[in-house]
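Participant: Here is how the chains run, residue by residue.
There are 2 protein chains.
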Amino acid sequence: MRALTLITFLGALCRSLTENISYTSSPNIIIMLMDDMGWGDLGVFGQPSKETPNLDAMAAEGMLLPNFYTGSPLCSPSRAALLTGRLPIRNGFYTTNAHARNAYTPQEIVGGISKDEILLPQMLKTKGYVSKIVGKWHLGHRPQYLPLKNGFDEWFGSPNCHFGPYNNSIRPNMPVYNNSEMLGRYYEEFKIDRKTGESNLTQIYLMEGLDFIFRQTKAQQPFFLYWAPDATHSPVYASKRFLGKSQRGRYGDAVMELDYSIGQILNSLRILGIDSNTFVFFTSDNGAALMSGPNESGSNGPFLCGKETTFEGGMREPAIAWWPGHIKEGSVTFQLANVMDLFTTSLVLAGISPPDDRTLDGLDLTPVLFNRPHTLKNRPIFYYRGNELMAVRLGQYKAHYWTWSNSWAELKKGINFCPGQEVPNVTTHTQKEHTLQPIIFHLGRDPGEKFPLSVLTKEYQDALSRISAVVKEHKETLVPGMPQLNMCDMAVMNWAPAGCEKLGKCLKPPTSEPWKCNWPH
Amino acid sequence: MRALTLITFLGALCRSLTENISYTSSPNIIIMLMDDMGWGDLGVFGQPSKETPNLDAMAAEGMLLPNFYTGSPLCSPSRAALLTGRLPIRNGFYTTNAHARNAYTPQEIVGGISKDEILLPQMLKTKGYVSKIVGKWHLGHRPQYLPLKNGFDEWFGSPNCHFGPYNNSIRPNMPVYNNSEMLGRYYEEFKIDRKTGESNLTQIYLMEGLDFIFRQTKAQQPFFLYWAPDATHSPVYASKRFLGKSQRGRYGDAVMELDYSIGQILNSLRILGIDSNTFVFFTSDNGAALMSGPNESGSNGPFLCGKETTFEGGMREPAIAWWPGHIKEGSVTFQLANVMDLFTTSLVLAGISPPDDRTLDGLDLTPVLFNRPHTLKNRPIFYYRGNELMAVRLGQYKAHYWTWSNSWAELKKGINFCPGQEVPNVTTHTQKEHTLQPIIFHLGRDPGEKFPLSVLTKEYQDALSRISAVVKEHKETLVPGMPQLNMCDMAVMNWAPAGCEKLGKCLKPPTSEPWKCNWPH
Numbered sequence: 005m006r007a008l009t010l011i012t013f014l015g016a017l018c019r020s021l022t023e024n025i026s027y028t029s030s031p032n033i034i035i036m037l038m039d040d041m042g043w044g045d046l047g048v049f050g051q052p053s054k055e056t057p058n059l060d061a062m063a064a065e066g067m068l069l070p071n072f073y074t075g076s077p078l079c080s081p082s083r084a085a086l087l088t089g090r091l092p093i094r095n096g097f098y099t100t101n102a103h104a105r106n107a108y109t110p111q112e113i114v115g116g117i118s119k120d121e122i123l124l125p126q127m128l129k130t131k132g133y134v135s136k137i138v139g140k141w142h143l144g145h146r147p148q149y150l151p152l153k154n155g156f157d158e159w160f161g162s163p164n165c166h167f168g169p170y171n172n173s174i175r176p177n178m179p180v181y182n183n184s185e186m187l188g189r190y191y192e193e194f195k196i197d198r199k200t201g202e203s204n205l206t207q208i209y210l211m212e213g214l215d216f217i218f219r220q221t222k223a224q225q226p227f228f229l230y231w232a233p234d235a236t237h238s239p240v241y242a243s244k245r246f247l248g249k250s251q252r253g254r255y256g257d258a259v260m261e262l263d264y265s266i267g268q269i270l271n272s273l274r275i276l277g278i279d280s281n282t283f284v285f286f287t288s289d290n291g292a293a294l295m296s297g298p299n300e301s302g303s304n305g306p307f308l309c310g311k312e313t314t315f316e317g318g319m320r321e322p323a324i325a326w327w328p329g330h331i332k333e334g335s336v337t338f339q340l341a342n343v344m345d346l347f348t349t350s351l352v353l354a355g356i357s358p359p360d361d362r363t364l365d366g367l368d369l370t371p372v373l374f375n376r377p378h379t380l381k382n383r384p385i386f387y388y389r390g391n392e393l394m395a396v397r398l399g400q401y402k403a404h405y406w407t408w409s410n411s412w413a414e415l416k417k418g419i420n421f422c423p424g425q426e427v428p429n430v431t432t433h434t435q436k437e438h439t440l441q442p443i444i445f446h447l448g449r450d451p452g453e454k455f456p457l458s459v460l461t462k463e464y465q466d467a468l469s470r471i472s473a474v475v476k477e478h479k480e481t482l483v484p485g486m487p488q489l490n491m492c493d494m495a496v497m498n499w500a501p502a503g504c505e506k507l508g509k510c511l512k513p514p515t516s517e518p519w520k521c522n523w524p525h
Numbered sequence: 005m006r007a008l009t010l011i012t013f014l015g016a017l018c019r020s021l022t023e024n025i026s027y028t029s030s031p032n033i034i035i036m037l038m039d040d041m042g043w044g045d046l047g048v049f050g051q052p053s054k055e056t057p058n059l060d061a062m063a064a065e066g067m068l069l070p071n072f073y074t075g076s077p078l079c080s081p082s083r084a085a086l087l088t089g090r091l092p093i094r095n096g097f098y099t100t101n102a103h104a105r106n107a108y109t110p111q112e113i114v115g116g117i118s119k120d121e122i123l124l125p126q127m128l129k130t131k132g133y134v135s136k137i138v139g140k141w142h143l144g145h146r147p148q149y150l151p152l153k154n155g156f157d158e159w160f161g162s163p164n165c166h167f168g169p170y171n172n173s174i175r176p177n178m179p180v181y182n183n184s185e186m187l188g189r190y191y192e193e194f195k196i197d198r199k200t201g202e203s204n205l206t207q208i209y210l211m212e213g214l215d216f217i218f219r220q221t222k223a224q225q226p227f228f229l230y231w232a233p234d235a236t237h238s239p240v241y242a243s244k245r246f247l248g249k250s251q252r253g254r255y256g257d258a259v260m261e262l263d264y265s266i267g268q269i270l271n272s273l274r275i276l277g278i279d280s281n282t283f284v285f286f287t288s289d290n291g292a293a294l295m296s297g298p299n300e301s302g303s304n305g306p307f308l309c310g311k312e313t314t315f316e317g318g319m320r321e322p323a324i325a326w327w328p329g330h331i332k333e334g335s336v337t338f339q340l341a342n343v344m345d346l347f348t349t350s351l352v353l354a355g356i357s358p359p360d361d362r363t364l365d366g367l368d369l370t371p372v373l374f375n376r377p378h379t380l381k382n383r384p385i386f387y388y389r390g391n392e393l394m395a396v397r398l399g400q401y402k403a404h405y406w407t408w409s410n411s412w413a414e415l416k417k418g419i420n421f422c423p424g425q426e427v428p429n430v431t432t433h434t435q436k437e438h439t440l441q442p443i444i445f446h447l448g449r450d451p452g453e454k455f456p457l458s459v460l461t462k463e464y465q466d467a468l469s470r471i472s473a474v475v476k477e478h479k480e481t482l483v484p485g486m487p488q489l490n491m492c493d494m495a496v497m498n499w500a501p502a503g504c505e506k507l508g509k510c511l512k513p514p515t516s517e518p519w520k521c522n523w524p525h
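Each protein sequence line maps, in turn, to chains A and B. For the first sequence, my numbering begins at 5 and goes up steadily by one. For the second sequence, my numbering begins at 5 and goes up steadily by one.
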């Protein structure tokens, strides 16, 4: 069903519905998480093509957060951080196989989200929330790691990225699940034309989201929708009606379709009369993947480098909070915030006490969102790459303890995390340690991290002294989680996901031969 | 008088005035030209600090032009282009002393705007407009080149930049004129504290602008105000109340004060009831001066390099058109446009036929501004550096025929036009010719000019073929103006500007010893 048709349908029903609905105090929660979308991809964040009218309107109706961060410059750990409210170094989404390497959950990964972690939907369930994830999961694909085993009531989407394989010869194509059973596979039942970039997946994800919103509204049950489409991850895709429409090429087509879909979702909330009872947050999992540029990459605006790195381009994200009647329209907060705050904030909104048996990295942002007096100003942002704390931001100052873009070997293969950018001693192609004399930038004057403060200045010494105290405390109290992303095995791939028998789509796994995963970045 | 006091005063008078005012069809015209402000300095263009609420509101009430260009990457020629509607290569604001060098009007320059050029205020006078320039002139400082000899009725400001000298030992301090007589000098009567950055010059320029608007409104005469403050040119300055207020340091303080002042001007138009009869255009003279970064430089957002260069960062400018009731609020145009269009457009708005005895580079933008059917889409943008056509944009394609950032010699001195940016074969430190095989970028997919199209592609060949035709026609029909910026002489400096006798501030000029100016960039 096309979005407009469904919305018309919803509109026809809403009058009779809204009269009868009596909500609890628990607002609905929608987190929209984009894939590899960069800070600079939105008109409101300075994209010259200005092709995101719905997101720009969302910002005009809500709050913009220019200092919002992810929990990791890579997809799996950043998504685990969002759903657990904890840094990947705590929740186990890292590796000890290699120093400062970004690890994630490819098909051959043995691990996934630990059963010791508490996920946002699990907590929300205690207050009667029904939760659905639409789109990419990426917290592990073996049965015990899947969404319905981890608090979600519904799921439509895939456990992994759609970036391949593109046939089942060596590795199985990614399965697409409807709840606990596979519905088909990418490139088979769920087409993505690699040549034209055509796929109607975003439309399907939109329909799945709208359908859930409608059903929950009708059932008068509070809901949590985690809407995680992946059209902007390479290979980027868009529906026929959006292909060729953007000034920016195919990546822009994908952005336009996501922007359209977000407009449809917000509009459906209005039509259903639940906009003033629904908190919506838009952001992305990590910075734009500049190594896929220019055709398949987004923009990190004025920031340095992108995905995979701990420069601002890798971890500063576009972010908009929206809740008509609760969040002041057209507002901006400069509060340093991150995806882990969404965990804590969502719980507070739902009237649930966050778990007190573990360290949480997320803070309650409600005082900021609702413009109440607050004292969050001095919270640090930690930039990890795998098991190494690469950098820390405190206020406007960011200290780099380690720098690394990518290796010389990768660069020679044409993979460049910082194309066209080169800051001496900063965008290094070896893992370079600066712990004795961190490189410090003032991100207000120098958001692009191009002009290190001189170590001889009082400003440097003052900033270092304040950041050092924070780092010391952080390291002294840190209890790293058990690393989940160390082991790989071809046998654990998506050969025979639940439901494959009914579809006749089970593949035969090879013999189990585990190895220590190799992480190049 | 403080701005608020004056505005209150205006407000008290406006009721009685507006009832009696009957306008001609000629709208008032205000062009606000910033100095070295970059595309990325406005919140609406993605500045992370978002400290320009008045400009952002101006955009929300008017039209944003993300593809707006200056006529040169340097101050004097770009200002000459704006006021003549002609490229500097035609109006003489270039040099033949050295290939592809940016030339401007320092104190020792002998030349200035040619008497053969027709300036915007001269044309507007034919329809009864009264014109005032507030701020920086920069079209030559010898008596015959000054504003009141070139069509302006009033002037408050300086013929040159305030970047020095800072005493009268070798060169005189810059004079500040009130109309045809000097009122004092920078760093003497008109203080700029080089240590603290404190100066009330922007407030003075605001008052001068408001006073002119008020007088013209009272006199019921259409006016042209060319408001050209220079607070964002290094050494940047701000009034005490703005110093230290920005997240971005002193440069940001200057931006905040300009933003405040622009808000005051627009508000005064509303209070006087002439907002629907006043066309206002905001832009800048060239890209942010990255070589002054980070403390004294703005941001060019996602674009490559800055001032002095023909990359996008050097010539793409922030631009907003505002005219309540005439220009649709919150609109955006992707039309390629430039400062020379302001000449032609202003004439059309005033009901004046542009001069037909010379080539004009400016086009009439009114169909775009008023959203009428139009066919300007395919106009090219020419990027000159001095006497050399470095690059041409047509549609989304930009072909570089020559590349150059700055020389190795300058780079070694620490002057860097592209700090932190390095695109092989593009940000070259020699003047590199590519005329046989231009470097072509698709600015939609790659606004940062980082990924040259492969010459083997059909896309490259098609783009080249279209651009080549435009270049051929341009070069064949080009009649370069007499170069005005070749000769220098210490004797022509501002030793004894008109009015210096009354003030006792005349200095003794040295003997005339002209030489061919040396242009490093």
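Just so you know, the hints here were simulated from the structure itself, not pulled from any lab data. Accuracy of the hints is not assured; some may be wrong.
Straight-line Cα separation of at most 30 Å, BS3-like style, residue types lysine-lysine; simulated pairs [stated by the list, open to error]:
1) A:K199 - B:K462
2) A:K249 - B:K244
3) A:K381 - B:K332
4) B:K244 - A:K381
5) B:K417 - A:K332
Remember, it's a predicted structure, so these values are computed and weren't measured experimentally.
Participant: Each hint should be assessed against the structure and marked as holding or not.
Facilitator: Against the structure, the hints come out as follows:
no.: 1; hint: A:K199 - B:K462; in the structure: 17 Å, holds
no.: 2; hint: A:K249 - B:K244; in the structure: 49 Å, violated
no.: 3; hint: A:K381 - B:K332; in the structure: 39 Å, violated
no.: 4; hint: B:K244 - A:K381; in the structure: 26 Å, holds
no.: 5; hint: B:K417 - A:K332; in the structure: 50 Å, violated
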